[in-house]
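Chemist: From these two lone chains plus the hints, build me the complex, please.
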Amino acid sequence: MKNNLLIFIAFLLALIQVPVHADMTLEIVTQGAQLTPVAILPFAGDGTGPHQLSAVIAADLKRSGLFDPLNTQGVSPAPADVEGVNWDAWQAQHANFVVVGNVQEEPATHHVKLNFRLVELPNRMAHLSLSFDGPADQYRMVAHHAADAILENITGYKGMFSSRIAYITQHGPARSLKVADSDGFNEQSMLHTNEPILSPKWSPDGQRMAYVTFELGRPMVVVQTLASGVRHVVARYKGSNSAPAWTPDGRHLAVVLTKDGHSQIYLVSLNGSEAPERLISSGGIDTEPYFSPDGRTLYFTSDRDGGPQIYRIALSDLRGSPERLTYGSSYAVSPRLSPDGKQLAYIQRDGGAFHVMLMDLATKQTQPMTDSSLDESPTFAPNGKYLLYSTQDGGRGVLAIVSTDGRIRQKLSTQTGDVYEPVWGPLQ
Amino acid sequence: MKKALLALAVTSVLAACSSTPTEETSAPVAQKTAAPAAVAPAQPMVKEPVTVSLYPAKGVGGALGQRTIHYAFDKYTVTDEYMPVVDAHGDFLLSHGAAKVTLQGNCDERGSREYNLGLGQRRADSVRKILIAKGVKDSQIETVSFGKEKPVNPGHNAAAWAENRRTDIVYQGE
Numbered sequence: 001m002k003n004n005l006l007i008f009i010a011f012l013l014a015l016i017q018v019p020v021h022a023d024m025t026l027e028i029v030t031q032g033a034q035l036t037p038v039a040i041l042p043f044a045g046d047g048t049g050p051h052q053l054s055a056v057i058a059a060d061l062k063r064s065g066l067f068d069p070l071n072t073q074g075v076s077p078a079p080a081d082v083e084g085v086n087w088d089a090w091q092a093q094h095a096n097f098v099v100v101g102n103v104q105e106e107p108a109t110h111h112v113k114l115n116f117r118l119v120e121l122p123n124r125m126a127h128l129s130l131s132f133d134g135p136a137d138q139y140r141m142v143a144h145h146a147a148d149a150i151l152e153n154i155t156g157y158k159g160m161f162s163s164r165i166a167y168i169t170q171h172g173p174a175r176s177l178k179v180a181d182s183d184g185f186n187e188q189s190m191l192h193t194n195e196p197i198l199s200p201k202w203s204p205d206g207q208r209m210a211y212v213t214f215e216l217g218r219p220m221v222v223v224q225t226l227a228s229g230v231r232h233v234v235a236r237y238k239g240s241n242s243a244p245a246w247t248p249d250g251r252h253l254a255v256v257l258t259k260d261g262h263s264q265i266y267l268v269s270l271n272g273s274e275a276p277e278r279l280i281s282s283g284g285i286d287t288e289p290y291f292s293p294d295g296r297t298l299y300f301t302s303d304r305d306g307g308p309q310i311y312r313i314a315l316s317d318l319r320g321s322p323e324r325l326t327y328g329s330s331y332a333v334s335p336r337l338s339p340d341g342k343q344l345a346y347i348q349r350d351g352g353a354f355h356v357m358l359m360d361l362a363t364k365q366t367q368p369m370t371d372s373s374l375d376e377s378p379t380f381a382p383n384g385k386y387l388l389y390s391t392q393d394g395g396r397g398v399l400a401i402v403s404t405d406g407r408i409r410q411k412l413s414t415q416t417g418d419v420y421e422p423v424w425g426p427l428q
Numbered sequence: 001m002k003k004a005l006l007a008l009a010v011t012s013v014l015a016a017c018s019s020t021p022t023e024e025t026s027a028p029v030a031q032k033t034a035a036p037a038a039v040a041p042a043q044p045m046v047k048e049p050v051t052v053s054l055y056p057a058k059g060v061g062g063a064l065g066q067r068t069i070h071y072a073f074d075k076y077t078v079t080d081e082y083m084p085v086v087d088a089h090g091d092f093l094l095s096h097g098a099a100k101v102t103l104q105g106n107c108d109e110r111g112s113r114e115y116n117l118g119l120g121q122r123r124a125d126s127v128r129k130i131l132i133a134k135g136v137k138d139s140q141i142e143t144v145s146f147g148k149e150k151p152v153n154p155g156h157n158a159a160a161w162a163e164n165r166r167t168d169i170v171y172q173g174e
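Protein sequence lines, in the order shown, are assigned to chains A and B.
Letter by letter, the first sequence follows residues 1 to 428 of this note's numbering.
Letter by letter, the second sequence follows residues 1 to 174 of this note's numbering.
Bound conformation, chain B alone (with noise of 0.2 Å):
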């Protein structure tokens, strides 16, 4: 800007006296344009096959039928009102060693992706805990957070978000 106020100051004087524009001193500065790269797609990874493992029938009743946890926003702490679900997944991986679970902790829509992510693994880790705590083997648990990527339910409204608070209890192989 310095510059042009400059040029300005002196080239008012000219432009009084002429009816073509006049031209700032220095020669007219060529510039390259630095093209930007073009964009190769990458190529996509393969996931590994997962082994099947033991699991409960999805329409067995009770607490083992049940497979998701929900949380108050902002909240990992599974409740007394799923303790039973978390205890009846833990007994039957007690009693069947060769079962896999995977923990998949999700969030509703709200706010930061990362941070869900963060607290999504801590939903997950809440329920690994209690079942770690029962004596359930460390390998027959894996967790993962999904954040608020993976919603069930995809409304933009309090009943949506309550539902996509949660933690999932995924068997392998199922």
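With the rest of the complex left out, here is chain A (with noise of 0.2 Å):
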């Protein structure tokens, strides 16, 4: 809870360029005018400072760029209910939505209890009315879980804030693989290493990790539960192993091997009883592997055709021809598949810069969601409305979001070194 090492820097892209006349004139408008102004007061019972759950819910708030959380540092004491409100000072401020509510300790089980209200102004509507429950030392998470209902209820959106992230981290050679809160908190370590690790994927379940690491001089693909720190080998063949894809169910990895000549992709099981079985065969680099939602295509990264592309095939029909996704550049890579699999993400080479683009498989319609030039590892948040990627700032590698609409973004960096390799996990 302390070691917030990620510092959230949100600068909201809220610019609106008004029709050009005469003089050139620009407009910026203030990203309040877009965002919907809520008051989160504080709750009866409530900790302070750092500990209040009233303000990890604003930040998570004003974090997805559509809500412009009020100060409501002044209010005292704290209501514990819509009785104790003062409604008509909310209303003078334009709030659109107040939330209201009351937190009980439960020393016996080490719990949290929140209750709360979301109402709705000027007609003083009751829309929710949750209590979220769980272990004290994970009251951050409470919180997150009612910012997502308070998401969800307003906007139609599914929930993000109750997920973590993982990502690497870099001071010279000392790597980590990090697990934090989707916010940053709780950033803890699994594993602290001076070679190389790649690819983190999170279990469909979130309680497993599958990564590549170089400890023992080659790469090779292991998958360690988080909660107990032990590690069980899934790919060391000869050569290089890597690229680790979850199957939807859980129970295979589809893996990148050289244990027959070049980057080919297989499927093995997860206790590495069974033979790798190639999925698909070409003369070039087969990699990036990446399941459908629906587990019926696979999704990867081939130079094939020459320079590397997106390609995909049916699982069902995998001695057919892959389909070519993409075309605009020479150079397409890391496709990620939308919770829903209607959208694709991936890196693309334009001229010198390498950005995120997004592509609607519908209409096979694309564009570039950034204007940095050194992107990778593009990943839906589990709401598939934003973009967790890495870039370069000052030289530094450091994360970055952004909406799918393009409209929000927000940069999360390190205070020293650099952060690569970032991949959202499943909703607690």
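Source of the hints: derived by calculation from the structure; they are not laboratory data.
Fair warning: there could be bad hints in the mix.
[As the list claims (entries may be wrong)] DSBU-like cross-link-like pairs, simulated, lysine-lysine; straight-line CA separation at most 30 Å:
hint, chain 1, residue 1, chain 2, residue 2
1, A, Lys238, B, Lys47
2, B, Lys134, B, Lys75
3, B, Lys129, B, Lys47
4, A, Lys342, A, Lys364
5, B, Lys129, A, Lys238
6, A, Lys62, A, Lys411
7, B, Lys129, A, Lys259
8, A, Lys238, B, Lys137
9, B, Lys150, A, Lys238
10, B, Lys58, B, Lys129
11, A, Lys259, B, Lys137
12, A, Lys158, A, Lys113
13, B, Lys47, B, Lys58
14, A, Lys411, A, Lys158
15, B, Lys137, B, Lys58
16, B, Lys75, A, Lys158
17, A, Lys364, B, Lys150
18, A, Lys62, B, Lys58
19, A, Lys364, A, Lys158
20, B, Lys134, A, Lys259
21, A, Lys238, B, Lys58
22, A, Lys342, A, Lys62
23, B, Lys47, B, Lys150
24, B, Lys47, A, Lys259
25, A, Lys158, A, Lys342
26, A, Lys411, B, Lys58
27, B, Lys137, B, Lys75
28, A, Lys158, A, Lys62
29, B, Lys75, B, Lys58
30, A, Lys259, B, Lys75
31, B, Lys150, B, Lys137
32, A, Lys411, A, Lys364
33, B, Lys134, A, Lys238
34, A, Lys259, A, Lys238
35, B, Lys75, B, Lys129
36, A, Lys113, A, Lys62
37, B, Lys58, B, Lys150
As the structure is a computational prediction, the values presented were derived from the model and not from experiment.
Modeler: So, in structure tokens, the structure goes:
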């Protein structure tokens, strides 16, 4: 909870360019004009400072880029329920919604319980009346669940705050595979080594992580259980073993092996009991496998037509010819599917720059999501509304988030060193 | 959302004649928060010791003194410029059957880490194929790709990238 190494700098892109007139004026509209003002009142019985559940909820909603949490620090005493709310005051501040409630600590079980209501103004209509409960040392996660419920009720978006992210940090040769809450708090290290780590991938249940480690000299694929730290070797064949991708049922991993020559995609079982099954064949590099959420289609990167491009093939027809999806550039890599399977995020080279791209798979229309130059590793939020990726800023590796509508941008960086290979985990 | 809209329609009538917020008809829903598992760090793995083999002294002149082959962006072909280097090490390996090399393929920092891992492997393999064609024994050669993970020049410019696109010829035990 203390080591929130990630500093979140949110800069919301709410610049609206008005039609250009004779004298080329540019009007900048402040973000507030587009954001929903919401008053998250201090909860009766809540902690103080960083331990305030109301502050965690307000920070989540602010980070979504959709809300403008009003300053509620002066509210005293904190109302336990709707009876104590000064409605006229919040209406005067143009709050569209008020969140009010109370926190109960249960010393016997070391749990905290948050009861709250979401009330719309000006008609003072209750939208939500919910209770969330969790271990006291996970109080932030209790607040994240509440924020997810508020987000979903007001916007219709599924939640995303009660999820975790993983990423790799590097200082000189020292690398760490880390896991943190989606707001960067609660950072914990899964692995520390001076050798490269690559491609962390959450199991569908969020309990395990597959990744590539060079600790024994050559790249091998391991699966680590988060709670115990126990690791199992999934692929350590002759040559290189890399690019793990979970099947949606969490029972197998696609991996890239060079045991038979060049980089090709195989399916392996988690306990290594079955011989690797080669999924597709090419004379080039096939890598970065990624299963569609329904488990029926395999997306991958291949240089079979020259430079790297993104392809897909139905798992029911692996002898068929893969469909090439990307044409806009000589270099397209890192396919990732949105949770609904309708959008494809990837990295494309444009001139000297590498951008995050988004493709609507129904229309095959593509659009660049970033204007930075060395983007990598896009990963969708569990609700599909945001993309987390790594890029460079001032020569250092940083993480950034862009909403899939391109409107909202955030940058996340460590205080020193590089951070890369982000991957967004499932909702808790 | 649908449910909320329905509640909105019903309660807005009540709201008109009430100064305190109305409530949804359903009782508060209790929801448990699943506590995320605490993370335990993994135990480090221990590398196996490498036996010392023969190797040419680093200071030797000529092509044998060179240990690095460079490439163009997204390419893995050994160009004519570097053939004398590969030839010299091939000759050394042929005349010293106990000598073993690891060919380490590397890439510049641009593009995906996994694709670069594949590309680095192809770079190492391209050197290996030439050595095998010369008659060097398969058992004398190992290949590994470090992708873009072990740059020799940490810079973010064209000169650094050119330096980092390489296969290093490393003699075992050196």
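Chemist: Against this structure, judge whether each hint is valid.
Modeler: Going through the hints against the structure:
1. Lys238/A <-> Lys47/B: Within the cut-off at roughly 16 Å; holds.
2. Lys134/B <-> Lys75/B: Roughly 22 Å separates the two Cα atoms, so the pair holds.
3. Lys129/B <-> Lys47/B: holds, 27 Å
4. Lys342/A <-> Lys364/A: holds, 10 Å
5. Lys129/B <-> Lys238/A: Distance of about 17 Å is within 30 Å: holds.
6. Lys62/A <-> Lys411/A: holds, 14 Å
7. Lys129/B <-> Lys259/A: holds, 16 Å
8. Lys238/A <-> Lys137/B: holds, 17 Å
9. Lys150/B <-> Lys238/A: holds, 21 Å
10. Lys58/B <-> Lys129/B: holds, 24 Å
11. Lys259/A <-> Lys137/B: holds, 18 Å
12. Lys158/A <-> Lys113/A: Between Lys158/A and Lys113/A the Cα gap is close to 22 Å, so the pair holds against 30 Å.
13. Lys47/B <-> Lys58/B: holds, 25 Å
14. Lys411/A <-> Lys158/A: Cα-Cα ~22 Å, so holds.
15. Lys137/B <-> Lys58/B: holds, 23 Å
16. Lys75/B <-> Lys158/A: violated, 44 Å
17. Lys364/A <-> Lys150/B: violated, 36 Å
18. Lys62/A <-> Lys58/B: Judged against 30 Å, a Cα distance of about 59 Å means the pair is violated.
19. Lys364/A <-> Lys158/A: holds, 25 Å
20. Lys134/B <-> Lys259/A: holds, 23 Å
21. Lys238/A <-> Lys58/B: Answer holds: Lys238/A to Lys58/B is near 29 Å, not above 30 Å.
22. Lys342/A <-> Lys62/A: Judged against 30 Å, a Cα distance of about 27 Å means the pair holds.
23. Lys47/B <-> Lys150/B: OK: Lys47/B and Lys150/B at ~18 Å, within 30 Å.
24. Lys47/B <-> Lys259/A: holds, 20 Å
25. Lys158/A <-> Lys342/A: Between Lys158/A and Lys342/A the Cα gap is close to 16 Å, so the pair holds against 30 Å.
26. Lys411/A <-> Lys58/B: Judged against 30 Å, a Cα distance of about 45 Å means the pair is violated.
27. Lys137/B <-> Lys75/B: Holds, at roughly 26 Å.
28. Lys158/A <-> Lys62/A: Since the Cα atoms of Lys158/A and Lys62/A sit roughly 16 Å apart, the hinted pair holds (cutoff 30 Å).
29. Lys75/B <-> Lys58/B: holds, 27 Å
30. Lys259/A <-> Lys75/B: holds, 22 Å
31. Lys150/B <-> Lys137/B: holds, 28 Å
32. Lys411/A <-> Lys364/A: holds, 28 Å
33. Lys134/B <-> Lys238/A: holds, 23 Å
34. Lys259/A <-> Lys238/A: Between Lys259/A and Lys238/A the Cα gap is close to 5 Å, so the pair holds against 30 Å.
35. Lys75/B <-> Lys129/B: Roughly 16 Å between the alpha carbons, so the hint for Lys75/B and Lys129/B holds.
36. Lys113/A <-> Lys62/A: holds, 23 Å
37. Lys58/B <-> Lys150/B: OK: Lys58/B and Lys150/B at ~21 Å, within 30 Å.
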